[in-house]
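The residues making up each chain are set out below.
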Amino acid sequence: MRETLTRLRYRLVPDHVLGEILAKNWIDNAIPFVILVLTLAVFGVLIPGLLTLGGLSGLAPQFGELLLVVLGMTIVMLGGGIDLSVGSVFALANFVTLALFNMLGWPILLVIPIALACGAAVGLVNGILVGYLRLRAFLTTLVTLIIVRSVVDMLILAYAVKVARPVTRSAIWDFISFKHVLGLPVSLVAALVVAIAGHVFLTRLRPGWHILAVGGSRRSAYNAGLPVRRTIAMTYVVSGTLAAAAGIFYASRLNAAGSDTGFGMEVLALTAAVVGGNSLGGGRGSVFKALLGSIIVLIVSNSLIRLSLPTGGSSLVLGLVLLAAVAIDVKWLKNRGKVLSRVYVSPTYMKLGASPATGEHSGSPYALNDRLRDVELIGLGEIEGPEDPILDAEGNLYSGTRQCDIIRFLAPDHKRKEVFVHIGGHPLGMAFDRNGNLVTCVAGMGVYSIGPDRKATKLSDQTNRSWFSVIDDSRMRLADDLDIAPDGRIFFSEATIRFDMSEWMVDALEARGNGRIICFDPRTSSTRTVISNLRFPNGICMARDGQSFFFAETWGCSISRYWFDGPKRGRREVVIPDLPGYPDNINRASDGGYWLALVGMRTPAFDMALRKPAFRKRMVERVAPDAWLFPNMNYGCVVKFDEAGRITDCLWDRRGTNHPMITSMREDRGWLYLGGVSNNRIGRYRIPGADPEWTAAASYRGDKP
Amino acid sequence: MKPSSTAFAFTQERIVIAITLALLVVFSLTLNSFLTAGNILALIQNVSILGILGVAMALAIIGRGIDLSIVATMAVSVAWVLQLSNNGVPIDLAILMGLGLALAIGLVNGFLVAYVEIPAIFATLAMGTVAYGFVRSLLLDDNLIYLKGASDTWFKWIGSGQVLGVPNAVLLFGLVALVAHAMLRVTVPGRFLYAMGDNPVAARSTGVPIRPLILLQYVTAAAIAFIAGVIAATSVDSVETRVARSNLVYDIILVVVIGGVGLSGGKGSIRNVIVGTLMIGVLVNGMTIMNVPYTLQNIIKSLILLAAIVVDSIVNPRDEQTSQQGDI
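Residue numbers (this note's numbering), protein chains in the order written: chain A, 1 to 705; chain B, 1001 to 1328.
Keep in mind that the hints were calculated from the coordinates and are not lab data.
Computed from a prediction, not measured in an experiment: that's the story for all the values here.
The C-beta atom is built at its ideal place from N, Cα and C for all residues, glycine as well.
Honestly, I wouldn't trust all of these hints.
Stated by the list, open to error - Sample of chain B residues lacking proximity to chain A, with all beta carbon distances greater than 12 Å (derived):
{"#": "1", "residue": "1046"}
{"#": "2", "residue": "1068"}
{"#": "3", "residue": "1072"}
{"#": "4", "residue": "1123"}
{"#": "5", "residue": "1207"}
Stated by the list, open to error - Coverage of chain B stretches by chain A, computed from C-beta distances (three or more under 8 Å per stretch; other residues unrestricted):
{"#": "6", "region": "1176 to 1182"}
{"#": "7", "region": "1225 to 1231"}
Could you build the full structure based on these sequences and the hints that come with them?
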């Protein structure tokens, strides 16, 4: 009864979603968003009419100007800098626009580019100083702030009255000044267009990625060969130009130049950028955060003016809001990872069937023996992590390694070895296709094909995204084993979508169906998920009918068969429901059966833990990972089963010295080659009475059973 | 600073000293009234407040921080002292309360930087606004507070008196500089401050109590700012609180950085502050005698600062391998 309740509770409540949401990048926006809602709530109550259309549209022109400046500041901050000169550039552009247009009567289509160029020029100076000469951004832009401000003050002193009297009129200028587009002032429309362009630039284009990379780690970006100096210099040019654009809109709105124009703008913009959640020091942030921060700052600062607090009161409130927002942001960023690591692993209920006996004299088909005692060893100490060795037509032995190579041991004695290809990820399952290409699943990368000329080509690294998955499951995290159907389609397993290769064992603690089987069709180059919600799907092997395959679910301790063609198409049947251990790869045997590696053996303690998800959750939260209860992965065996699922053979290494952990085995010309993902050797076992002519390739061609 | 070698090393400090001497020579030759005892004394007196604030700022910067609230702290704490004394509070009690206020602001600064882990630039910038807003809206009657209640006591003498013909402001600058220098060179917290500024992570790993040290750093800076405020208020008989929102804090950074205190922390000493103060003093004095407008003076000062840091970056180059992440 109680167990039924537990089962229902874990089936119905999707605990894992919390961790997946916390792992999302956009969750960083949660804090500024809450601050925005709070701001609106507080000031909406304090100031009647603030949240009405009239109240908000009064702020709209100012908002456009502020947003432009904040966008510039954000881009500079993303690149790891800071631009304090924006307020002065704003004032400069305002003055230049008015002087050229009102005083000198130049055409507005000439004035605007000149004013923008002024801003870009100041930005370029900043950029050269900070980017190329590598001065400190804070100090350098502080200096340009003072210099430009002083220049503007001097100019205003001389020409303040003249610039405020227009000598010409211009339809374009009037449009910018007074007209609305879709009910929004031109400045705001322009700012929103820039914001969208900025978003696309930062998230989709190479120069935008360079900015984030430089801000995230200047040294790494430099070592990776990015143009660090040019990228940084460019951020300041962008910032200067945007501040100038804001100044032009300000000029069109107020038509006046005073010494307080843009004064303190840099602090306001910095506040907006930081309150929005863009981190000082670079690398983290987005246009959306800049937008949120601008809205918050604008509403707070304007509401404070309208509340008519005693002198200094608005400074007090603004400062406190600012400090609170930044404090929350800082703590959030710091602790998000800790919270995530606590809640990410979310165990669920699973009840396995009774485990078959394995005792030496139990009469069980799994009975213990010592037949792997005297295996020959290949490449002892020379390779690490041969997950799934394979042989080609000439008898050369191929194996992936932890160092992300595929190593080839040359026939006939496999004494000499060479690096066949360096692939960049740990190659796991392997298969040869009909043209002699080696197709392999690479952890963290996808499915790759390596031709006899050693040229690696990517076949597939993404599949269709499922609609209701929080995690983006279109990318492949842990492609594991594959086999190739007679028509060339490649079926491969992705063991889990929630964990990477380095923590694959943690998936066992969840016991949820996190894995899936995916099909790559070379005829259309399309990839589709075939079966999802499998408990660590692992080995895949084509059945001899050419219409179905066997697959192993490691944490499910079962072997199933799936028909992808023929009359039973789409059917799925469990062939072996309860294994005494955790199944890994499956490969064909010469007698018409299938070899199956048991990578580890079940233990009563872990079987029981699987029925107690709350216990595993407590363990993950409170105990160090080193002390977690994991499934036993230190001792396994090789079994052989026939199409009906009967166990027909069993090979053990009783002492556990040569092959304590076996992830795969291949039969070839009378020998059985043994691999293990944590081993430093490949084993070779002479199968008594096996057909010495049998190869997997012959079997797949149909020449042999 | 560069490792010392037998050859003459172009450190920023030496460059600045050379420029100062050159300016002295040029001004002495071209300006009639420059090289008189009265003018030199006036020159030092004018910059001594800037110098004291520079010492406070240097402490913050050497420990890899920065204190942008220093001017606000100075203005509001001393304005409150004058306000209290005008309201009839005895001057010594008023001073204690004002000092308490300044220390409290410093403590909050330190807390925000050390424990909340807000970047120093940002925490102190916001704290300056908060401190100004808090004191101005709740504790003061006006922006400009005059020294009325205690105008004939010893308090007035602090900023306006003289000892042996030397203005007190100059003496106090010297005293503050000496004490700060001794603290940095001799005491354990002073040495730790350098260690922390040089490499906070390494300092923490070796057992330096980083967080209490940051508290101490900002509290000390606030206390020194209070001293500067008292001198400033008693020399002109008033405090203008709106100075908190002026560019003065940038002048202080200018003084500190131009003398050669590295903004990345762990580099420089009080001597650098004095050198920077003298140079700015000579420059401003000369320009004032020449009737250079204030805005142009700002431009010239800024260009000199820019030149100084450009030269520094050429002489002591940083590149992508050596610069510190998140260093703005």
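Do the hints match the structure? See the list:
At the 12 Å boundary, the C-beta of residue 1046 of chain B stays outside the reach of chain A, the nearest C-beta of that chain being 20 Å off. Once the 12 Å rule is applied to beta carbons, residue 1068 of chain B is inconsistent with being away from chain A; the minimum gap is 10 Å. Remark: the non-interface label on residue 1072 of chain B conflicts with the geometry, its nearest Cβ contact in chain A lying 9 Å away (cut-off 12 Å). A cut-off of 12 Å between C-beta atoms contradicts the statement that residue 1123 of chain B is not in contact with chain A; the least separation is 7 Å.
Residue 1207 of chain B, annotated as away from the interface, keeps every beta carbon of chain A farther than 12 Å; the closest lies near 23 Å. For the region 1176 to 1182 of chain B, the proposed coverage by chain A is not satisfied: 0 residues have a C-beta within less than 8 Å of a C-beta in that chain, short of the threshold of three. For the region 1225 to 1231 of chain B, the stated coverage by chain A is not satisfied: 0 residues place a CB nearer than 8 Å to a CB of that chain, which falls below the threshold of 3.
The structure is inconsistent with the numbered hints 2, 3, 4, 6 and 7, although it conforms to all the rest.
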